[in-house]
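Chains as they are written, first to last, in the working numbering: chain V, 1 to 107; chain P, 1001 to 1706.
No lab work stands behind these hints, which were simulated from the structure alone.
Careful: at least some of the hints might be erroneous.
In silico DSS-like cross-links for lysine-lysine, where the CA-CA straight-line distance does not exceed 27 Å [claimed, not checked]:
#	chain 1	residue 1	chain 2	residue 2
1	P	Lys1097	P	Lys1080
2	V	Lys33	P	Lys1592
3	V	Lys95	P	Lys1618
4	P	Lys1003	V	Lys50
5	V	Lys68	P	Lys1175
6	P	Lys1127	P	Lys1044
7	P	Lys1592	P	Lys1618
8	P	Lys1080	V	Lys50
Only a predicted model underlies this, so the values are computations on that prediction, with no experimental measurement involved.
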Amino acid sequence: MLLSREEKVIILIIVISLISGCLIYFFTSFKSKIKKENIILTPTYVNINKADIDELDKLPGIGKTIAKRIVDYRGKNNGFKNIEELRNIKGITNKKLEKIKQYIKIE
Amino acid sequence: MNKPFVFLFIALAVSIFFCEHIISGTVVLVIIFIFYFFNRKKYKDLIYFIIIFCVGFFYCFFRLNYIPPNHIKKTNYEGKNFFTFYVKDAIENTEDKIYFNGDLISIENNKEKFSNLRGKIRIIIKKNLGIKIKYGDIVKIKGTLKEPEEAENNDDFNYKKFLKYKSIYYIFYAKEQDVEKTGNKIPNYFYYFSYELKEKLLNIIYSSLPEEEAKILEGIMLGNYRVLPEEINDYFKKTGTAHILAVSGMNVGLIALIVFLILKLMHFSRKVSAFITLIFITVFAIITGADPSIIRATFMAYVVLIGYLIEYDSDLLNSLAIAGFFILLFNPAELFSVSFQLSFLATFGIIYYSGFISNHFSNISRQLSEIIFTTFTSQIFIIPVMVNTFHQISLISVVANFFIVPISSIITILGFILWIIGLISHHIALFFGASIFILIKAMVFIVKILSSIPFAAISVKSINFVFLFFYYLFFIILPHKDIDIYFQNFSVKKIIGFVLLIIFIINLCIYKKESYIYFPAIKSTAAVFIKTKNNKKIFLIGCGRDKNIKEIKNNMVLYLKKYGINIIDYLILFNLKNQDNYKIIKNNFYIKNILSNTYFDDKDIKIIPDNTNISVDKDVFLSFYSNYLEIYLKNKILVFASFLNDDFKDSKDKIIFPCCYDFKTIQNFKQNNIIINTSLIEKYYKIKIPDYIWDINKQGEKMLKF
């Protein structure tokens, strides 16, 4: 197979950068500068077992009053076991729960 | 006609230009008719030209002015409500905002719902939760619909017009917590998969490089310069290398080359390789946002690749014209987009001068001459657009590009390999990430050093239409030895070139022996610019909000550059708290003296105590007091006050520019010597200001002669 000059240069660049990349990766602090995978695109979910009133207040349809009820509920019941438990809180209707489901998690 | 599309493109472009600028368009038409008058053999072409021109004119007129009867624009609707949109365009994510264009489905409030209104709307959502809006989503959002604002100062970038050219008449502002996804329906699966792929590719970039370098790689590979810090953006702009942060022909060319190479190594035939490359570059064009520059490069690549498929050698100029013709046919308003102009003029310059350069400079090594002359010829053709849009040109662009273009080409190649490897193995991708990291570090280091050279970029006043015409005429006829008129052994071509150079130098150096005070219309900032008879420049900035960096960057810096300001003799910071506000001015101009009445952690700033007088020029001096600053200007006194109080009531001979004011106090002032900027105090925004008071925010910039 005949390769053109440009193609040979590209292959050379790739090989050199792979070798130098290995050296940089293992012998410099590069590794420590990399953040966790998917850092940019992962939504920042609100953990309803840990979030404070201000954080819960950001959720759609949840004001300070309901946020306080959520905090009180989890204090009395040792946290939420599943998201559906939120239905037990006064002011959280099925419709509201469906709306906030995409933003919350339990840990 | 050996280049039919060049002819078609010119005819269409002239008709669009005429449609929007009738006077200048008529001049262009007259010139074309004169050309045909002297070339009577080509009268057939003139008939074709007239036909295309007329069709183009009516088409353009219709596209730019027709608004369907059910369009929201017809209702002049504005205000806060629930809106439902269909997301049919690419979504841009920055650190704190989400931008996209949405197709309106309905508007509803507590009482009623309007489902018959349509229109494309620019949506800006403030982030705080991390919601993921995707192509094809149907979203119900509570927010405010507003008409975009007109340009604040003459010649400023007109965002309203920019959006109008994209058939967008409204901007919609909302917060993330007010967004509710109500459905999803994919309008086009090819686009859907392209956007999904974009997300994966972005993930690979951000998981293989540290965040800062990842942002730069995103700029180089996907053209999203918005994610870059302002400072880095400035380095590239000053050195004339900002084009590497916009996806262009270079990216498309390199990606096509790599795809071709991979397919060749996999023993694919040439024709199959060409076909697969076509698909790759189409996907690439979609994921990069289909900007005119990328569409131009993609179209040109199409012509070359289809040429491979049908075994036909394509002409580069004709390919460029094909790209231009189809872009304008799709949206005539692209002719007025800076991205379109820069991309086409730069490419035209390179193609047009390629023959001339290879004939004259064949003794220089190929690679070396390619970089130097590509930069040089492209710069020649884009300088007028750069001057009239950004009011700035880089004096070191050829040198900077000589270093930066090869590095960014290698980064593009490795970036593409990183994507391919990243789809297979994250661990191997990290090795490529490490190499790219070093290259990006080196590239930023070089642009930083080069941009710190004094006068690396200079401000230039706008160029008028006549100069523009002769400028392009000169560079179009320059490579043609046979086009010239000799007048007593003097070449008219050389005379035109010489005269243009002299006018350009005069435009840079000569100033009017007059004194002016300018009050620029800039939101949330109080600023005054003074030019004295002896060309001393004083720039006063003060008060305002602490976080008005963007306003200063996008408006104030541009405002000064528009007047060709490179040196500021006195920069006065009055009650200014945020250091970043003044650093932007410092980064863009050569400042001789910086004076401030508040403390700044900068050794270049001289702190001026109260009750101090400073002489600036023969007739100009400054008096600093605790709450105000007086500037004595020959026959006028300007008072720059922190607060308007009754002390100034008797100062009828002075011009008073207060940062803050009390509504009751301002009503008591019956004189017309007060200039205010209502955008400084938001809560007074809607209060009626007496007519005799000049409000910069409503009435625009103000200029006074003294």
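Do the hints match the structure? See the list:
no.	hint	verdict
1	P:Lys1097 - P:Lys1080	19 Å, holds
2	V:Lys33 - P:Lys1592	40 Å, violated
3	V:Lys95 - P:Lys1618	74 Å, violated
4	P:Lys1003 - V:Lys50	69 Å, violated
5	V:Lys68 - P:Lys1175	22 Å, holds
6	P:Lys1127 - P:Lys1044	59 Å, violated
7	P:Lys1592 - P:Lys1618	17 Å, holds
8	P:Lys1080 - V:Lys50	33 Å, violated
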